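K.L.:
Quick note, the sequences are listed as chains Y and X, same order. Residue numbering for the first sequence follows my numbering, beginning at 1 and increasing consecutively. Residue numbering for the second sequence follows my numbering, beginning at 1 and increasing consecutively.
Derived by calculation from the structure, the hints in this document are not laboratory data. What you are looking at is a predicted structure, and each value in this text was computed from that prediction instead of being measured. A hint or two may mislead.
It does not matter which identical chain is meant; a pair holds if it fits inside one copy or across any two.
As the list claims (entries may be wrong) - Below, a list of computed lysine to aspartate or glutamate pairs in the DMTMM-like style, where the Cα atoms sit at most 20 Å apart:
id: 1; residue 1: Lys87; residue 2: Asp77
id: 2; residue 1: Lys200; residue 2: Asp79
id: 3; residue 1: Lys200; residue 2: Asp77
id: 4; residue 1: Lys103; residue 2: Asp219
id: 5; residue 1: Lys200; residue 2: Glu66
id: 6; residue 1: Lys103; residue 2: Asp89
id: 7; residue 1: Lys87; residue 2: Asp39
Protein chains: 2
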Amino acid sequence: MTTPPVAGGRPHPRVALDAMGGDHAPAATVAGALLVRDDDLEVVLVGDAERLRSQLEEAGAAGAFEIVHAGEVVGMDEDPALALRGKRDASIRVAAALVADGKADALLSAGSTGATLAAGLLAIGRLDGVRRPAVAAVLPTRGGPTVLLDAGASPDVQPEALVAYAVMGAAFAGVRGVGAPRIGLLNVGGEPGKGNALAKAAYSALEAVEGFIGNVEPDAVLAGEVDVVVTDGFTGNVFLKTLEAAGAAAEEGTGPGAAVLLGCARPVLVAHGAADAREVAAALRTAAGVVAAGLTERIAEQLVATGTREEASDDG
Amino acid sequence: MTTPPVAGGRPHPRVALDAMGGDHAPAATVAGALLVRDDDLEVVLVGDAERLRSQLEEAGAAGAFEIVHAGEVVGMDEDPALALRGKRDASIRVAAALVADGKADALLSAGSTGATLAAGLLAIGRLDGVRRPAVAAVLPTRGGPTVLLDAGASPDVQPEALVAYAVMGAAFAGVRGVGAPRIGLLNVGGEPGKGNALAKAAYSALEAVEGFIGNVEPDAVLAGEVDVVVTDGFTGNVFLKTLEAAGAAAEEGTGPGAAVLLGCARPVLVAHGAADAREVAAALRTAAGVVAAGLTERIAEQLVATGTREEASDDG
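The task is simple: from the sequences and hints, build the whole structure.
P.N.:
Here it is as structure tokens:
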């Protein structure tokens with residue numbers, strides 16, 4: 001795997017951290033950043049500068065990180081689009097702008113996934129050919145890790161979106177070291193012709209994708225029969241949350257700690273809202289790893305190589 | 001709860017058992033029927049008369065049950081509608097006709113759920129106001145049993161269908177002894193406005209239903225926060241299969257062993273394809289219990305009392 005140079009001539013990947021996002025922010029975000037001080041990555045803290053400075057001082061680490069001020073925060077339960085429109089100085093928006101302007105290489109937030117996605121789309125944009133980014137979560141299975149997408153970004157999609165998910169998920173699995181990823185469609189039966197209208201149409205569209213092995217039921221996913229499993233963001237989120245509720249899976253990300261929004265033009269990652277310092281640190285390392293591995297560039301190449309383009313058939 | 005007289009002046013409920021349905025039929029079905037010989041129910045075995053007679057003889061129980069001959073079987077992987085059209089003498093069709101003609105009070109099969117649903121609709125029909133019957137499964141939760149519907153009958157539905165599911169599910173919970181059932185909509189977030197287009201529209205429609213408490217995520221369902229959880233048959237089946245794959249739930253039925261197809265004009269029940277004799281016996285008892293409890297009559301009353309009618313807005 002080629003490792004492209006990090007943008008901007010920086011020695012290490014630089015992650016713009018929405019320091020105000022998440023249930024335990026900014027305490028957990030600042031403490032998490034401090035845990036990776038000695039790693040090969042840089043962190044920019046974005047949020048209320050006074051609070052962030054005082055958090056650092058309390059930890060005896062004044063001046064440890066560059067701080068970029070943002071005076072507002074998007075709450076977990078706010079409508080993402082409305083909140084972003086109303087709060088031009090929201091931490092997630094300011095952090096996304098840093099990535100868009102090349103001042104950071106990746107965006108990470110433990111705040112609202114919807115707001116992170118919306119800010120990413122607004123400031124950073126999509127890869128050519130992608131209309132609906134997907135959350136890629138990594139599930140532990142009896143056969144090793146399996147990439148699930150969409151784990152919750154886009155609840156209503158056309159069948160063609162699942163083709164883009166398959167191509168992006170295969171590139172993601174490739175970056176993670178899987179040679180020839182096996183791709184499955186999450187469904188309620190193994191045979192062709194099963195499922196709802198979306199699944200049936202997606203099955204037909206996916207037959208042209210290299211590595212597609214057909215429908216997979218939840219037990220086949222947990223048995224590790226595929227490396228990538230694709231579905232719409234509603235079903236994927238129900239699936240993921242059911243696994244979590246049943247104690248059968250912890251959402252992981254590339255490494256642990258964060259899930260990647262595939263389809264954005266630069267790396268955008270979301271950590272659990274309840275992330276503690278250790279999980280924020282893991283998510284920061286994951287973000288840096290995604291940059292170093294050139295995941296976004298790899299996905300862009302694969303979308304072009306396979307001629308994958310979602311139809312612009314709806315309003316999103 | 002009033003217990004209506006069993007139809008036809010019979011002393012006990014009579015169940016038409018598709019003796020050829022299921023992975024281990026007819027051995028498991030005949031053995032299951034023999035386990036309930038001393039119970040307050042009658043069983044009619046429907047299928048290949050010669051094989052059924054020889055099964056009974058081998059068990060030293062020649063003549064134990066009435067046998068109704070049917071020369072064909074619908075396979076688990078056949079298209080239900082096509083198979084039923086082509087096989088007029090299929091065991092599931094003949095068994096459904098017995099119920100339609102009043103010669104039995106309930107239909108039970110461990111064969112294809114799709115074929116059982118199709119045969120039920122064809123021969124027995126729907127309750128007034130229902131367009132899409134739903135599979136009601138009973139999930140064990142930390143707060144006691146919760147009725148899930150649709151657990152897999154109808155993958156593509158209009159939002160109005162979920163209102164009928166709520167009314168039918170509440171009646172089902174009522175028959176099971178729940179006083180004022182709490183009804184939730186399976187969703188990816190607790191707040192209003194979450195989910196895909198179907199969930200959002202269903203939420204609005206459900207607000208008028210007595211007992212509706214709003215969206216419930218998978219963890220809230222497993223915590224027992226609702227007595228009834230409604231969703232479309234695709235999401236419900238993914239949810240159920242994920243719980244089963246994660247070891248968090250065994251599908252139960254009214255009692256254990258079978259799930260009820262709510263919305264048919266007479267009781268129709270499906271057992272697991274892999275059901276063994278003990279599970280077939282439990283399913284037979286469940287079927288008899290549904291008849292004795294007057295579940296279908298109660299649902300019919302509730303649909304009328306609440307003025308619930310699904311719109312005839314699609315082709316099914």
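K.L.:
Run every hint past the structure and note whether it holds.
P.N.:
Structure-based check of each hint:
Taking identical chains as interchangeable, the C-alpha atoms of Lys87 and Asp77 lie at most 20 Å apart only when both belong to the same chain, with a minimum of 15 Å there against 54 Å between chains. Taking identical chains as interchangeable, the C-alpha atoms of Lys200 and Asp79 lie at most 20 Å apart only when they sit on different chains, with a minimum of 14 Å there against 32 Å within one chain. Taking CA atoms no more than 20 Å apart as the test, Lys200 paired with Asp77 passes between copies only; the shortest distance there is 16 Å, against 34 Å inside one copy. Taking the shortest Cα distances, Lys103 and Asp219 never come within 20 Å of each other, neither inside one copy (44 Å) nor across copies (40 Å).
For the identical chains of this complex, Lys200 and Glu66 are neighbours neither inside a copy (50 Å) nor across copies (42 Å), given an alpha-carbon limit of 20 Å. Within a single copy, Lys103 and Asp89 get their C-alpha atoms as close as 17 Å, which meets the 20 Å cut-off; across copies the closest is 73 Å, which misses it. In this assembly of identical chains, the alpha carbons of Lys87 and Asp39 never lie at most 20 Å apart, being 33 Å within a copy and 68 Å across copies at closest.
The structure fails to meet hints 4, 5, 7 from the earlier list, while all remaining hints are met.
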